[in-house]
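> One-letter residues, chain by chain:
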Amino acid sequence: MKINLQRLFKKLGFTVCISLFFFCISSTTNAQQVKQIHGSITDASNNPLQGVSVGIKGSDRYVLSDNQGHYSINATQGATLQFTYVGMEKKEVKVGSDNIIDVNLKPTANSLGEVVVIGYGTVKRSDLTGSISTLDTKELEKRVSTNPYLLLAAKVPGLNIFNNNGNPGGDISVNIRGFSSINGSNSPLILVDGVITNNLTGYSASDFASVSVLKDASATAIYGARASNGVILFTTKKAKSGDFNLTYDGNVSIGVAARHIDMLDANGYMELFKRMWNYDPARGSYDVVIKPNLHKDYPLLFDENNNPIYNTDWQKATEGTAISPHHYLSLTQGNEKSKSGIFLGWNDERSLFKSDYQKKYTYRFNTEYNLKSWLKIGGELNGWTIKQQIISNQGTGGENLPRQLLEMPSILPVQFPDGSYSTFRSWGYDITGAKSQYYPYGNNSVALSNNSLGTQPNKLSDLRLSLNTSVDLTKDLVFKSIYTNEAFSNLFFRWGSIANIDNNGIGYASGSTARTSTWTSQNYVTYNHIYNEKHHINFLAGAEWSSSYTQSMGASSSGYSTDFYQYNNLGVGSLPSTVSSNYSAFQTNSYFARLNYYYSDKYLLTLSSRYDGSSVFGANNKYAMFPSAGLGWVVSKENFFADSKGLSKIFSYLKVRGSYGVTGNSPAQYSSLATVGSYTVNLNNQIVKGSGIGGAPNPDLRWEKTTQLDIGTDIRMFNDRVSLTVDHYLKKTSDLLFSVPVSVVSGYSAVTTNIGSVQNSGLEFDIDAGIVRNKDFGWDVSLLYSKNNNKVLALGKTNADVISSGFLGASTLLRVGKPMGSFIGIQRIGTWGTSEAEEAAKYGKKPGDIKRLDVNHDYKFDEKDMQFLGSPFPKYDMTFSTSVRYKNWDLNVDIQVRQGGKVENVAALTIEDRTWFASGYASVLKDAWTPTHQNTMVPALRMAADPWNTDFGSYADSHWFEDASFIRGRSLNLNYNIPRSLADKMKLKALRLYVNYDNFFLIAHDHNRLFDLENSSFGGGYAGQGQTFYDTPRPRTLTFGINANF
Amino acid sequence: MKKYLIILIVFVGFSSCKKFLEENPKSFQTTDNFYKTEGDAQSAVNAIYSFLYPPYTKTGFDDLPSAMLEMITGQWNNVSQWPETGYYYTLTNSSGSSYTLNWWTSCYKGIETANLAINKIPNINFSDSTVKNNLLGEARFLRAYYYYMLVNIFGDVPLKTTFTVSPAKDGLIPKTPVKDIYNNEIVPDLLYAESNIINATPEGNGRVSSGAAKTLLAKVYLSMAGNPVNDPSAMALCSAKALEVINSHSFSLFQSDANGTWFDKLNNKAYDNKEEQIWDLNYNYPNLPSYLNTYFLPKEVSFTPSIQFGGFYPDSNFLNSYSPSDLRGRHNMGFFYHSFTVNGQTYNFPWAIYKFFDKDILTTSPGSGKGFPLLRYADLLLTYAEAQNETDGSPNAISYQAVNQIRERAGLTDLPAGLSKEAFREEVWKERYWELAAENKTFFDIVRTQQVYDTKQGKFVPLIGFKLPSGAVVSQGYLPFPIPLSEVQINPLLK
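Same order as they appear, the protein sequences are chains A and B. Be aware that the first sequence starts at 11, since it is given in our numbering, and climbs by one per residue. Be aware that the second sequence starts at 203, since it is given in our numbering, and climbs by one per residue.
These are computed hints drawn from the structure, not numbers from a lab. Nothing here was measured: the structure is a model prediction, and the numbers come from that model. Here a beta-carbon is modelled for each residue, glycine too, at the ideal position from N, C-alpha and C. Honestly, I wouldn't trust all of these hints.
Straight-line alpha carbon distances no greater than 20 angstroms define the calculated EDC-like cross-link-like pairs of lysine to aspartate or glutamate that follow [claimed, not checked]:
id	chain 1	residue 1	chain 2	residue 2
1	B	K221	A	D358
2	A	K67	A	D611
3	A	K612	A	D573
4	A	K382	A	D76
5	A	K247	A	E149
6	A	K936	A	D900
7	A	K382	A	D486
8	A	K699	B	D242
9	A	K397	A	D358
10	A	K134	A	E149
11	B	K658	B	D528
12	A	K100	A	D137
13	B	K632	B	E610
14	A	K807	B	D372
15	A	K699	B	E240
16	A	K999	A	D253
17	A	K632	B	E225
18	A	K632	B	E224
19	A	K248	A	E346
20	A	K544	A	D137
21	B	K371	A	D710
Looking from chain A toward chain B, a few residues come up when the C-beta cut is under 8 angstroms (computed) [what the hints assert, rightly or not]:
id	residue
22	Q447
23	V755
24	D872
25	T892
Let's have the full structure, built from the sequences with the hints guiding it.
So, in structure tokens, the structure goes:
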């Protein structure tokens, strides 16, 4: 059978040759001494190169080399053969008398020839019809981070990466070309080596060789029902052929607080308390009622003269220097029969808070065997373990470390003389003048940060096994199969000590664990052939199955009489409160195909489609089709262009391209089913379980559908000195998963339905200019720009506004015509003046209280008074980068600019509007209302029991919003490559020393009420964007590193 | 061949079947695999109770939906910082209010959960049909209770007794007149409940009992005798039903004894579901805590481990309306308090509500395990007294005894004998104001009588024109409360 097939293919090949022969005969009329040239093509390490284009200069004819690097082409003597291959320098060889021409290609600096990783394959950059941005190892090495995402931050137009706080390891949210889902995910699909994963952050940033960001439908539609939010393909470093190669990369980072927020000092705090007390003259004067008693009541805090003894700067007392080491080792070795590689990483990232850290251990072993000339089998085993503790995001009250950092009064010491830690309970008066804790929460931030009030270690680990097989069925037809199995698990414990005042003096402990297991099987054939030396066809067809399930369980208890057990014996707690476990699973079943057709590398066509089936869709809609098409025209290859001296002198390359296609976004598991809700009821002090109405059924539930049009151009000018890529896109998402309100008389509040529509449209460009390109000196500058307009087009059946309540009450909005998650609230217009007492009284307010805009003059505040307060999304993003190379030195600087957008700052409420529960901003004494300082936004200072001056819990207030624009020194990177001669002396292949300065400056427009403006504290949903809650301060980080190749 | 064998193995190995994409949830049930066993039936009935809690659940700092039923009584000064209660205090509440939406949503979700149980349980096989009927009785009691709340708060509302198949369509039904909801739904459900629920009292199980069904039925008849149904025959039914409860001797008033004052028994969770408590909303500390008790802690001082809010304080006119010798009035730690001593320190503050002061909150605050009284024997006694007096034209001895029992334990003298019908009626009404204060009962009296006790004048006045302590004056059409705006927008039939 095998023989027969081989014969068959031989025959087929013969037929093709014959036809080629005739074609050649007919097309080359003046054929003289046509002979068959053959040879082999290798790369710098003498590995055969498959798919090298071998063409004849001045003609459109070319062939591709096979998997042994062999080629054969008919040419006349004297003709010039051109060898072109992605990522390699073009080579030209004149055909002489010899019929054998072997060539060795060198890697190129010109990125047009680069291989770009796309879905289920690679393509030459010059053949792309879609919008794909890539970063290679060299680019990735310009950043130092433990989180792979941060290598990409502000590096790709249209890819928005937010680092929400200064936690070790980063707290990242990502989107590509804006938000397009209300209830579904807005995060891109992430693949590592072609397989979907949710566990990217576990990899070492040094693991990656390249990253492709797929933005338009032509690029993403091959991933079908999960590709609406774009796709990011991460490719890891692999084993290489060649001698034993050892590379070590190590660095140490030193992080210091980037910003200090000025809070009241001890004297300022006592002045604040005085003003609060004196708010109500009926209490008597502070100087008479309170001041004389300070020492008597609080001898540990006040001296005999009733002056504060301590003056604690909680930020300085709590924040330390974060020293974080990083090591990465790679070992590779290979020959024509096999290749293998070992990659090991370790880092220990620290926070400004002693309590917080992330230790990451990564390992990868990969190997590849060439078993037969037609059969390759390879595999990779990789895994990682993260041990981390992030205490600073815990809770929203007295346990929240960054909050306590700002709210603790400066009159309290870190520790009292007896060694005990102060808390907010250590001090206070009630409005009768009696000694009383008036704010019962508020742990000491130093105690929180040194683990004495509890710990919460988290261990995460992942193990991934991947096996791949590649079978060359014929010279052009290759079958590939990849099977991957990934198991992720975590084990999280939390313990709060008895002294932690959030635990009511009884302690708390909990533990939870979860495991997700996923397998994926991908199988596809690719056919790559050139007909008539002009028609290049690359066809792909395949199938993919995957299945994933997650199991979890957790338990907690409280009521401890000792801190001995921490979280190690939950059964000891006298108040077991919860146990839980959960199971969820989903399966997918997909078929896909793609056709690339290139005519003379001039006219490019890509058609792709995926037929996707998913268990999460409703019973009536299990499968969906996601097609796309892309067209490209390399104008610079046209004769009229090449012939025009003016044009070809300016433009070395000019391509225009356009694409259109459909992608999807899946609902969550089980969202189409009628579920039975679980209820907890207490009857006669017995907890009993109930089962009743749950989720409303919708068997018609299906994916969200995004259609995207992208028009772009890739231009090289002035002999490739300037390159420019511009994309304009229009992305419309319809059939949005939307929780449509129904009459509660039905027993249900809402049903998830496919209704509603959102649009993102925008412009991206990336301009790169080599200003100086000398041997010893080079200077490049680049500018990235992206602008996205997000707009809700339709909502439910009625297009009625949807207002979401966040931590600060109703503050975000979905409204037709406005960006998703826009802010809405009541306009603060100032404070009531003494001359306005009568009018203020109609609102139940007094002079000194907050004055808000009553739009309809009905003397109450409700939805009718809510005003549009802006969008959380920036107007545009820009990154200015420059790199300077001088001899062995090079310097790279990224400066990020974000313009527009708003941030809602919780601290503006809890610190400024409710000063009684906190210390105050240093500015509050100057800014707060007094009878002689009436024209202000900050209300009169008062005690907690006095009438409040804020409508916290109902509506957001315009005064809580900050302009989120900023200019950030993202990264500054200086490298020194030691000279070859010195390296040789040190018996090294290469040695690079580097310094990196991250977050090296921040210019912002705020009022010094926030540590940083780049943060969203309430998750990835549209309604939580731009809302901040005391995020962990982000450090300014200086890194010293060494990269050695032995 | 080898090449193709590899491909074949791969494809056969992973070829999918139709079942591959079916969802098979394991950590929750779907309606397809539920309502099969006796245990499912029990669980389905338990769930109906859970919708009683939301109006009594404090959210945020001091937002408590049940407070909306108290502001109209004129007994209170709102001191909460959250604006919503203030809208009811100043009578500026609107159909956009979250409190009315909370009541509406809780009641209809409770009704739907009951509808599911009532319609599905008959198809489940039970070994003992009395067990099945008992469960149906509980479910029908709770459905009737939710409708009783709805008609009193909102007036005419949609009546739905079948379960929902299509959520988008099944709720779009018109309003049914209050009278029809009482006659066709509430009364039949309660009649079924009183004859099918096995337990006579909640003692030992905390569930609704036949005694609770009779009590609620008596209250329902009393409401039906008044506005807006004005059914004259209902008074006699009320009197008879209430007498059944009295004569059952299943319940009794708490009395002060060696174990504590009767006030402290009302506040003590050990006395929940017992004696005077005909039906409590049951809580559990720490697993299902109540935050209501913390809500009423005076905000000027702090003697518990959490922030204290005050909620609403008694208006001085209301306090003054109590007789000086009334232990429920200006008597520290009766129904109210103005000082409290803990750990040797005495805290003084304005008069605040002590009625819900669970002593455990000194350590467990903000949570508490104390229940909230939904039906109390004192209410039943006064219900009987009023109905008997109206039915017979003058009070009989049992009615006198009913009122005097309550007066005696409050430290008051008995009512003078030989009161006229009108005089006795007014004494009963006033007793209801004093005894049932802050328990969300007075609102129902205001709805049925359309009168309010004006504590400043010491007399009952028409609701329309009544001036609240905030200075706001009740205008025509203030009650019933408007149906939530969001519901009217979805279902225009509710306009």
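> Would you mind marking each hint as holding or not holding in the structure?
Evaluated hints:
1. Among the hinted pairs, K221 (chain B) with D358 (chain A) is inconsistent with the structure: their alpha-carbon atoms are about 46 angstroms apart, more than 20 angstroms.
2. At most 20 angstroms may separate the alpha-carbon atoms for a hinted pair to count; K67 (chain A) and D611 (chain A) meet this at roughly 14 angstroms.
3. Of the supplied pair hints, the one linking K612 (chain A) and D573 (chain A) is violated, its CA atoms being roughly 73 angstroms apart against a limit of 20 angstroms.
4. With a CA separation close to 15 angstroms, the supplied pair K382 (chain A) and D76 (chain A) stays within the 20 angstroms bound.
5. Note on K247 (chain A) and E149 (chain A): the hinted pairing holds, with a Cα-Cα distance of about 14 angstroms set against a maximum of 20 angstroms.
6. Proximity of K936 (chain A) to D900 (chain A) is assessed by CA-CA distance (about 49 angstroms); at most 20 angstroms being required, the pair is judged violated.
7. For the hint linking K382 (chain A) to D486 (chain A), the alpha-carbon distance of about 16 angstroms falls within 20 angstroms, and the restraint holds.
8. Distance hint between K699 (chain A) and D242 (chain B) is fulfilled; the C-alpha atoms sit about 10 angstroms from each other, no more than 20 angstroms.
9. Using a Cα cut-off of 20 angstroms, the hinted pair K397 (chain A) and D358 (chain A) holds, with the two alpha carbons roughly 9 angstroms apart.
10. Under the criterion of a C-alpha separation no larger than 20 angstroms, the hint pairing K134 (chain A) with E149 (chain A) is consistent with the structure, at around 19 angstroms.
11. Annotation: proposed proximity of K658 (chain B) to D528 (chain B) holds, straight-line Cα distance about 18 angstroms (limit 20 angstroms).
12. Pair hint K100 (chain A) plus D137 (chain A) holds up; C-alpha atoms about 16 angstroms apart against a cutoff of 20 angstroms.
13. Of the supplied pair hints, the one linking K632 (chain B) and E610 (chain B) holds, its CA atoms being roughly 15 angstroms apart against a limit of 20 angstroms.
14. This hinted pair checks out: K807 (chain A) and D372 (chain B) have alpha carbons roughly 17 angstroms apart, not beyond 20 angstroms.
15. Straight-line distance between C-alpha atoms of K699 (chain A) and E240 (chain B) comes to about 14 angstroms, which keeps the hinted pair within the 20 angstroms bound.
16. About 12 angstroms separates the Cα atoms of K999 (chain A) and D253 (chain A), which keeps this hinted pair within 20 angstroms; it holds.
17. Restraint check for K632 (chain A) and E225 (chain B): satisfied, since their Cα atoms lie roughly 11 angstroms apart, inside the 20 angstroms limit.
18. Between K632 (chain A) and E224 (chain B), the direct Cα distance comes to roughly 9 angstroms. Compliance with the 20 angstroms bound is thereby established for this hinted pair.
19. A C-alpha spacing of about 15 angstroms is found between K248 (chain A) and E346 (chain A), which places the hinted pair at or below 20 angstroms, so the restraint holds.
20. A C-alpha spacing of about 14 angstroms is found between K544 (chain A) and D137 (chain A), which places the hinted pair at or below 20 angstroms, so the restraint holds.
21. Simply put, K371 (chain B) and D710 (chain A) have alpha-carbon atoms about 16 angstroms apart, close enough for the 20 angstroms limit, and the pair holds.
22. With its C-beta approaching chain B no nearer than about 6 angstroms, Q447 (chain A) sits inside the 8 angstroms limit, and its interface hint holds.
23. Hint status for V755 (chain A) relative to chain B: holds, with the closest Cβ pair at about 4 angstroms, below 8 angstroms.
24. Contact between D872 (chain A) and chain B, as hinted, is supported at the beta carbon level, the nearest pair being about 5 angstroms apart and thus within 8 angstroms.
25. With a cut of 8 angstroms, the hint placing T892 (chain A) at the interface with chain B is violated, because the nearest CB-to-CB distance is about 50 angstroms.
Going down the numbered hints, you'll see the structure goes against 1, 3, 6 and 25, while the others check out.
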